[in-house]
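Protein chains in written order, with this note's numbering: chain A, 50 to 207; chain B, 9 to 666.
For the record, the hints were derived by calculation from the structure and aren't laboratory data.
Distance windows between CB atoms, simulated: (1) A:L172 to B:L145: 41 to 47 Å; (2) A:L113 to B:T326: 34 to 40 Å; (3) B:T539 to A:D82: 20 to 26 Å; (4) A:F137 to B:P161: 47 to 53 Å; (5) A:L99 to B:F433: 51 to 57 Å; (6) B:K493 to A:T191: 37 to 43 Å; (7) A:A127 to B:A384: 34 to 40 Å.
Built from N, CA and C at the ideal position, the CB exists for glycine as well.
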Amino acid sequence: MTRAIVVLLSVLALSLSMTSIARAVEPGEALTDPVLEERARGLSQGLRCLVCQNQSIDDSDAPLARDLRLLVRERIAAGDSDSDVLDFVVARYGEFVLLKPRFNARTYLLWALPALVLIAGGLIVLLNIRKAKATSVPEALTEAEKERLAEIVNDRER
Amino acid sequence: MIAELGHFALVLALVVALIQAAAPLAGGVVNPSLMRLAVPAARLQLGLLTLSFLALTYGFAVSDFTLSLVVANSHSAKPLLYKITGAWGNHEGSMLLWTLILAFFGGAVAFFGQNLPDSLRARVLGVQGLIGVAFILFLLLTSNPFLRLDPAPFDGNGLNPILQDPALAFHPPFLYGGYVGFSIAFSFAVAALLEGKVDAAWARWVRPWTLAAWCSLTLGIAMGSWWAYYELGWGGWWFWDPVENASLMPWLLGTALLHSAIVVEKRGALKRWTLLLSIFTFGLSLIGTFLVRSGVLTSVHAFAVDPERGIAILLILTFFVAGALFLYALRAPGLRVEGIFAPISRETSLIVNNLLLTAATVTVFVGTLYPLALDALNDSKISVGAPFYNLTFIPIVLPLLLLVPFGPLLGWKRADMLGASQRLFAAAVAALLAGAAFAAWRADGPWGAPFGIALGVWLLVGGFADVAYRIRLFRGASIKNALHKARFLPRSTWGMTVAHAGIGIMVIGIVGISAWRVERIEAIGPGDVLTIEDYTLTFLNVGNYTGPNFTAERGEVRVEREGREIGIMRPEKRVYKVSSMPTTEAAIYTTGLEDLYIVLGDATGSGTWTFRAYVNPFAPWIWIGSVIMVLGGAISLSDRRYRVGAPVRAKASAGATA
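The whole structure should be built from the sequences, with the hints applied where relevant.
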């Protein structure tokens, strides 16, 4: 059951991150084949506009973003696979251009840390709840509190 | 003359802040009566910094070009509103605003904190004073806003055009209200560690301040994202830009703090964790200030590129966070562990909330700082953008959202999961129906989208399950009776319900715009028609006009929907004279359920212009939801137990029952 939910959630997360089919970003940029164009849009959304803040080339009206969009479409039209296109762009602009960093020795920590924190945190919580159960005897009052209690009780009685 | 007055007030504020810090923290050890200095010092500091800030604002309002800050960031042709908001539209001025808000929160504790024990209040103000010392020194030594210029130029360089916008002009004060507001939680945590005591009363005092800061931060972030939506021109509303992340991190952890403080208040459990959250939330606020103010990020907000300032903020950050953690290490083991609870209970649900929010914060933290760290190690440059967060952040947040409606239905100490689930039956049915309806109606989007809508409805309806149960709605009680009961529910219950429902509305907005956004981009000339969904856009013409300090190209587009004319929409492109920087002003027509969003692009040269039109379903709900969340916070803030300030001190009501 739990696994099913997890799977469902990750698929949901994935599918939400994909946008629907639409036309090209500037008129005249679009590839005529809608299947190829959709691939181009998908790739564009993962490529960084190098002169903007965290915007993808699909989201930017900077001239450089346009050049990159055209480059992506050129490669796709030439028959490149998605990963060929990415390799081509990375070879020219470096990994900086990828909004989704590649999973390699440099980025293991980046990708793994969220999950590690969740797992470690979950373990700590589990252990603490168990411990709390084992020592479920309320602690005694401190001396100061005892005095204070006596004071209040006396106050009431008066 | 007025600027010198402001400068002098700032220096005086430093002296007062020193007293405010030293008297209760160090003086208290020597002679307890010195602690009494804290309250008048905090009031005086608020007065002095207000004076200083007003003096700077005056300099901007009258365009006093003998001030170098005004020269660098203002221009005589600017509208008065942006002259005034220009006072904080730059590094120095915004840091002065930061310090003023710090003093404002300190002053608020001094004025309204009469119900706090004297020593706790003095210590809170002492810590607050110490933060004040650090930041006033920072201002005076590295970022003095009152420096004169001789000879004075005839005019200034103008304010960054993107800041000349109502939402962005007032975005920093609200953002800082949140960032700096969390300093109170920090000060309370350090004061409690100094006193060696954390109890329900402490949590009750901390919560309203944290809640106020949270409301302000939520509003500030919402304003920033709204601005990005209509100004950046492509209809995006969140870019995972490091500057946005800088405000999201304290928000996420601050939200965790709000929830964990409830456990301390009601059950006495999670004390240490809440102290840590208080420390780290403010720490993240300082990191946010560092990221934005140091210029380590090359991004819209980072105007000041000056490593000296960055290092100064880093030192302040290290001093306060490391100092507080050191104190924590010394004192926390002495705190008594209380509040035993079963694995299924309200306590556990709030712990799970905290776990997921913390993991989400860490995700954003890593995503924001990892590229900087790699860069600093001279390894390589990488980018971390939306695709990373879609794979890491969203899978953490989705279960959190799914679990939200359960929390309020679970009892303290030991809860009945089955009972809670039964009370959510109606919400589950509503969510499934909504999801199914959307799956049938809008099959064009990604298949996960109807689940997203279902999640939003689940939050919206599920948020009210607790209220419905407590007023015995549809369970024997008449509607009148139920409404009567509803009126007398605590405001904090209503606040929580409204805030949780607000998240649901926001989720629907996010899903709508992400999944079903429709886009048309065409080059059209006057008289041409572009259709998108039910809308028919007729391009009338493009004209030029001149604003106070910019020139603009403005398109006129007649919009009809199913044959009925809606009106004329006017998307613009502006070029600000002084900086010759172009900005786009999208034209947005909203029905409340969707936005029609039009952007005027460039002229193609053959008598046509590029037009971008979008229909963004549910887009306004993102901000309506955020405002509703703030409203929930405000309702909660007006709860009787904060206004009356119970627990009242013993001598005031010896016979009162809690």
